[in-house]
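Asks: Going down the list, the sequences are from chains A and B.
With the first sequence counted from 1, adding 188 to any position gets you my numbering.
With the second sequence counted from 1, adding 21 to any position gets you my numbering.
What the hints contain is simulated information worked out from the structure, not anything from laboratory work.
Pair by pair, the computed Cβ-Cβ distance ranges are:
| # | chain 1 | residue 1 | chain 2 | residue 2 | range |
| --- | --- | --- | --- | --- | --- |
| 1 | A | G411 | B | N174 | 48 to 56 Å |
| 2 | B | E202 | A | K339 | 47 to 55 Å |
| 3 | B | S147 | A | G764 | 15 to 23 Å |
| 4 | A | A389 | B | L204 | 52 to 60 Å |
| 5 | A | K459 | B | N174 | 55 to 63 Å |
| 6 | B | A195 | A | A553 | 38 to 46 Å |
| 7 | B | L204 | A | P555 | 27 to 35 Å |
| 8 | B | G199 | A | A404 | 47 to 55 Å |
| 9 | B | N174 | A | P230 | 32 to 40 Å |
| 10 | A | M387 | B | L204 | 56 to 64 Å |
| 11 | A | T697 | B | D194 | 51 to 59 Å |
If you're wondering where the values come from, they're calculated on a predicted model, not measured in any experiment.
Ideal Cβ placement from N, Cα and C applies to all residues, glycine included.
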Amino acid sequence: MKKLLSGNEAIGYGAYAAGVGYAVGYPGTPSTEILQSYSTYPGVHAEWAPNEKVALDVATGISYAGERTFCTMKHVGLNVAADSLFSIAFTGVRGGLVVAVADDPGMHSSQNEQDTRNYGKFARLPVVEPGDSAEGAEFMGAALELSEQFKMPVILRSVTRLSHSRSPLEVLDELKPIHPGHETIKYERNPPQQIPLPMNARRMHREVEQKLIDVAAWAETCGLNRIEPGSSKLGIVASGIAYQYAREVFPDATFLKLGLVHPLPRDLFFKLDGMVERIVVVEELDPIFEHHIRLLGIKASGKDIFPLCGEFSTELVRERAVAAGLIQAEEIAVRSAAPVVINGLDAVAGDGSVPEPLDPAALPARPPMLCPGCAHRPIFYVLQRLRALVFGDIGCYTLGAAPPLNATHTCGAMGAGIGVLHGVDMVGVKDRTVAVIGDSTFFHSGLSPLVNIAYNKGVSTVIVLDNRITAMTGHQPNPGTGRTMEGVETPEVRIEDVARAFGFAKVDTLDPYDLEEVRRVLKDHIDSPEPSVVVARYPCVLNTRERYAPPSVDLEACNMCGTCLNIGCAPIINRGDHVEIDHLLCSGCDYCVSVCPRDAIVSARRDGGEE
Amino acid sequence: MATGKVEGMTRDKIDFVLAGVGGQGTILASDILVEVGLEAGYDVKKSEVHGMAQRGGGVESQVRWGSKIHSATVEKGRVDYLIGFEMLETARWIEYLKPGGDIVVNRYRIPPPPVNMGVARYPEESEIQELLLTRAGRLEWVDATGIARELGNAALAGVVLLGRLASHLDIEDAVWLGVIERLVPPRFVDLNREAFRRGTESAD
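Input sequences plus hints: build the corresponding full structure.
Replies: This is the structure we're talking about:
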């Protein structure tokens, strides 16, 4: 039956359809829905690991035990897992192992843009790249077979525009449960192949290089790469989503469409060169195909026409192609008749009532900000009032850096803030320094830098913003949540206990909404010379759907002092001489009630209790 | 996969952009729209970006119907229909509309943070209309949020707008209603059908 699935859903479906019984991952936009989608199929077992390296190690175990598996992460997550990735590239795998990685060209929700195809070359393993949902499912199956045929881990690379686009594909009518071989499973002990001691690793390196030569030979005929014949004037080389843009812009060209993007074939490029007058490579981010072609001694254009940085689009490819003389500019259509306005204002274009239309690029922006009711807001508001120097981290709370809060001063990789803070404190900066980190990021990579502070006699204060869920990526459970991905109850890790076990004597827990308490405890911790941890705990209100009646504004009392507007909450609307609260957006958290100095915002909750 | 002309298919390609604010229901509306295209026999694709766009941020979805669709994203200046859930967000996407394209816009304002902080001004309705008319062939204002509130839930505005859009497209209401029934939770089906009907009638 034909179904519309997102790229991520299709990749997850493809794994199920290929008989994968176990999979792991760490959430990260735009990759998250791959594992979530997979986990919904009958008979499968899926787990969120605390970070990507753990996920890949677990997947390695599943593969060593003979079962097919995959693990998922975003591009920067593969940096975390890279140590293990390079090891298993040498040891090889037994059951098929696919690392499904989603890149984020254009950085819709990432701190950098990096091209995961480079990991193929660097770590010495094959990389496949689908271009729509149907290929997402198909290439997952092909990658698992490739992994088993050559006993290598294989990367499946997606990008935001594939992961989060829907397109049709054929799916099975009947979904039968997966039955992994529990009864027959037997671990084949093979230390010479699974321990990369130098004496083994030297042999493994030669084996890996030979495997890559073998896969490159297979790449000539494997079906993942194909020549689509067209005009002899122009040959386009492209893969994945860039292929789709190029197909729209160059409908008549001859195409070399690459699905296996590392190792690359050789003869197919010579064949293309013999078919066309000119070769142009359309690849988003790094010039990987272009360099390969040049090394073969074939002339080609690429990054001289299309940009190195940022996301591609059909219009960008078209603009650059026109500028390079590859295609003619199309004539711009003109509106044929005067416009019709229905239910609008009387003023129409050209009547002189409005001198110049607005410039769309100059319209007021609508940047993302902390959600209404977010319990991170009160912490950032007080840190801003205290003029603290805040070392931030990756998660929803990175938005503590956004105006009007402007309460975060650095942000790096996952878990980096605590280590950076210790370095700043080590050299004696006295500027009310603190680190803030979310619960999921804390379990991901905050544990090691926290124990480092205690071990090395540091003085830093670390605030854990503990909303008991991985909120940024859409509410995935983590070791602090109390349940697994499959909804099974499991012990909730208390961050205070972890801190005490590491040697922190000064540990406090806060209700973020208690303004006076937050002010007192944060000031006390910042001023204290001993290392300390504050756990600001409040479950994410979007996850728990906690909602109360919105407060109202007493127009007599409001003197438009602007205090409530400085907490950066979208439902609080500036009406010029007073503020108004948008009932659709407001969650009724009443934080604005507690910051208003004139008691002009009135809670709708009776006696402060629940409705 | 539909690759050729099929019965009921009247145009080679129809591109839609749906623009609004997080929490307004743009994603559900675009899910309905892309499924309707598939049922009508088109090849379809849909693109959206999630992540940083939590409640309060700008949200946009792009839907494409055609005989063969390659890119899931639309091209600037070539979009056939711009469906605006919020006035400012509609204006932001105007350059994507083809000259003479259609706009269905909800008469509803959500001031963005720079406006609330007093560092920017929300444009007047007349200025937004003027900007939209630099490209629109047909501009329809709909009080979709008002109608949705009458029905008891402001989040129904998206389906009201789809009802209005449907009256421009040559696809039977039964197809739309069937998809709505399939995609919304059972207890909200009647309300959504009613919202769709109110949308189809809203210009009369």
